[in-house]
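Protein sequence lines, in the order shown, are assigned to chains A and B.
Each residue of the first sequence is one higher than the one before, starting from 1 at the first, in this note's numbering.
Each residue of the second sequence is one higher than the one before, starting from 1 at the first, in this note's numbering.
What the hints contain is simulated information worked out from the structure, not anything from laboratory work.
The beta carbon of each residue, even a glycine, is placed where N, CA and C say it ideally should be.
Errors might be hidden in some of the hints.
Claimed, not checked - With beta-carbon atoms standing in for the labels, derived distance ranges:
no.	chain 1	residue 1	chain 2	residue 2	range
1	B	A170	A	P133	32 to 38 Å
2	A	R378	B	S65	25 to 31 Å
3	A	P262	B	A170	52 to 58 Å
What the hints assert, rightly or not - Take a look, some chain A residues computed to stay more than 12 Å from chain B by CB distance:
no.	residue
4	D82
5	L200
6	I356
7	G357
Said to hold, decoys possible - Which residues of chain A face chain B? A partial, calculated answer using Cβ under 8 Å:
no.	residue
8	Y155
9	T277
10	I300
11	D368
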Amino acid sequence: MSTSPVQTDPRAARAPRVDYRELIRDTQVHGTLYTSPEVYADELERIWYSTWVFVGHASEVPEPNDYVRKKLGPQDVIMTRDSAGEVHLLLNRCAHRGNLVCDDKAGNSTSFRCPYHGWTYRNNGDLLGYPYPNGYGGKNKLQLGLGRVPRVAEYRGFVFGSFAEEGPSLEEHLGAAKGEIDRLARLSPTGKVELTAGWLQHRTHANWKLLAENETDGYHPQFVHGSIFSVTGSPIGALYSEKSTAVTRAFGGGHSENDLRPEFRRFAEPMRWFGTTADRTPEYVAAMKQAYGEEEANRIMIEGAPHVMIFPNLFIAEIQVFNIQPVGPGECVQYSTAVQLEGAPELNQRMVSQSIGSVGPAGMLLADDTEMYERNQRGAELLEPQWLEVSRGVLRETTEENGAVVAGATDENAMRAFWRHYKNLMLEGR
Amino acid sequence: MTLSFPEGDPVPVEDHPIPARDLRDYEQFIYREARYADEHDYDAWEALWTDDALYWVPVAVSHQSPRTKVSVMYDNRNRIRTRLTQLRTGKRYAQAPASNLRRVVSNIEIEGTVESESGHVDTVLGANFILFESKEGRNEIWGGRVTYQVRDVHGELKLVRKTVNLANQAEALPNMGFLI
Chain A
1 MSTSPVQTDP RAARAPRVDY RELIRDTQVH GTLYTSPEVY ADELERIWYS TWVFVGHASE
61 VPEPNDYVRK KLGPQDVIMT RDSAGEVHLL LNRCAHRGNL VCDDKAGNST SFRCPYHGWT
121 YRNNGDLLGY PYPNGYGGKN KLQLGLGRVP RVAEYRGFVF GSFAEEGPSL EEHLGAAKGE
181 IDRLARLSPT GKVELTAGWL QHRTHANWKL LAENETDGYH PQFVHGSIFS VTGSPIGALY
241 SEKSTAVTRA FGGGHSENDL RPEFRRFAEP MRWFGTTADR TPEYVAAMKQ AYGEEEANRI
301 MIEGAPHVMI FPNLFIAEIQ VFNIQPVGPG ECVQYSTAVQ LEGAPELNQR MVSQSIGSVG
361 PAGMLLADDT EMYERNQRGA ELLEPQWLEV SRGVLRETTE ENGAVVAGAT DENAMRAFWR
421 HYKNLMLEGR
Chain B
1 MTLSFPEGDP VPVEDHPIPA RDLRDYEQFI YREARYADEH DYDAWEALWT DDALYWVPVA
61 VSHQSPRTKV SVMYDNRNRI RTRLTQLRTG KRYAQAPASN LRRVVSNIEI EGTVESESGH
121 VDTVLGANFI LFESKEGRNE IWGGRVTYQV RDVHGELKLV RKTVNLANQA EALPNMGFLI
């Protein structure tokens, strides 16, 4: 047996470990893509440590020197706002002996002090000092600091990080999916989304891609969620029926949506998307009309919130936001929270209440989705028939002017587009 | 997705020091509640609750304000009904098939009494629990502290409030479709 070289930087460019041309077909994907440690290792290099990844929201660190612990893939990062107001993503690892410099989940501090030997860092990652400096020839002698996620960018407060020093800008990465974040923000009379309701952390024994694919799968809701739809008399099921006028749209870049607007426009009732009426939310309706004018406000309140999956890990499900982070080939964590809209107090508590009922480990929707993810994972480990199908609707796809691929509400065009983008990343890099 | 739940908000209660009845009565009630939950006896479990019920499973952040921060569960009486009705469909897949559950509740203490908004004087009890969950392919161990608010209704004890503070509430939790 030959000695293998020491694995150095997992971000380093190297040939893919498996043949993705072989494993990803136009309408089928191989089961090992969900189970293989080699595939997971490739994904860390080519996706999680390369592309833009959603990490958190600026409203989680509203004040100077606020910080909150986050994950970027399996990396433990501290999202800080420095005293000048800039947001940083710092790796939670002391430059001295690798200890964790931050053990609180959140707080406010201008600096982090490693408990091991007392090294201290400013909240932008700079090394401030170390005890007994003579051992290093005096103060300020070491050119060290906390690791930093080299590129950090925000879009409407959604904070993304990229471990790649260079590459497409965040706006280029988001592409047409950006408009869906805009659409969410426009539901606030001041145009601002906040993610301040805290996050549920949902451990999931399944590969992260099963979740990413499911988020805009309009085929499953009537089956997986039939129980809660029937109990609550929910009209959601009909949005995802074969007769629905809603569409599944793949924006490119692996991003996709279930566009429910055709259904909501058909009813043309403001606030129907939120399961209520304009009469029951008078202050909100008035604030929206004040902000956008009667016609535009009505349009926004009829069309409702987006249902968009932004590659690889941000899912906006109308009033909930999910942040999916992998732990290993067969495990990930879903972080979920309720959207909060600035200037919409009538809606915000209700969004928290509905989210508690719907998502997280006991959620009446998400616990059932999660059960499905975990069963899928176990199935993917079985040897035959080897392939998973993503062919639904392939005969009725159409391409819009801007290149988006559209098919029916229950079609799998979003999954096919996810895999096209994934294959490209795995073969070509970002 | 936006699911609408048709219920209002639960009512907070204030501290009110009044002596309680014998601890054994409360223990028997707590053990019965635990057994109904373990055995998925949804009808018997549901019948334990008063109309001003609150079943709360907080995470770390929920303690700041359960109305404005997320919780694992924050069920009033209507949402308890919704949750149980979903379970009874047999298509609540997180619990179909159901987990095999057994829990031990111990260290039961009478913590005091509170006056509810409805004017009732309720007894508050605290206890620790360990719950073993067996599902196909894996086991989970759950543990934490439960606070029960119990009311004497015409000589019969009823459950007004159950708060389950999981020991691992600051960490990622697996699926929890059963009654904890």
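Verification of the hints:
1. Between B:A170 and A:P133 the CB atoms are about 36 Å apart, so this pair conforms to the stated range of 32 to 38 Å.
2. Judged by the Cβ atoms, the range 25 to 31 Å given for A:R378 and B:S65 is violated: they are separated by roughly 39 Å.
3. Separation of A:P262 from B:A170 is about 43 Å and departs from the stated range, judged on CB atoms against 52 to 58 Å.
4. For A:D82, the condition that its CB be more than 12 Å from all CB atoms of chain B holds, with the nearest at approximately 24 Å.
5. Some Cβ of chain B comes within 12 Å of the Cβ of A:L200; the nearest lies about 5 Å off, and the non-interface call is violated.
6. The Cβ of A:I356 does not lie farther than 12 Å from every Cβ of chain B; its closest approach is about 5 Å, which violates its non-interface assignment.
7. Its beta-carbon lying about 5 Å from the closest one in chain B, A:G357 breaks the requirement of being farther than 12 Å from that chain.
8. Interface restraint check for A:Y155: the shortest CB-CB distance to chain B comes to about 23 Å, outside 8 Å, so the restraint is violated.
9. Taken as an interface hint, A:T277 does not check out: its beta carbon lies about 11 Å from the nearest beta carbon of chain B, beyond 8 Å.
10. Checking A:I300 against chain B: minimum C-beta separation of about 15 Å lies over 8 Å; hint violated.
11. A least Cβ separation of about 5 Å between A:D368 and chain B falls short of the 8 Å threshold, and the interface hint therefore holds.
Checked against the numbered hints given earlier, the structure breaks hints 2, 3, 5, 6, 7, 8, 9, 10 and satisfies all the rest.
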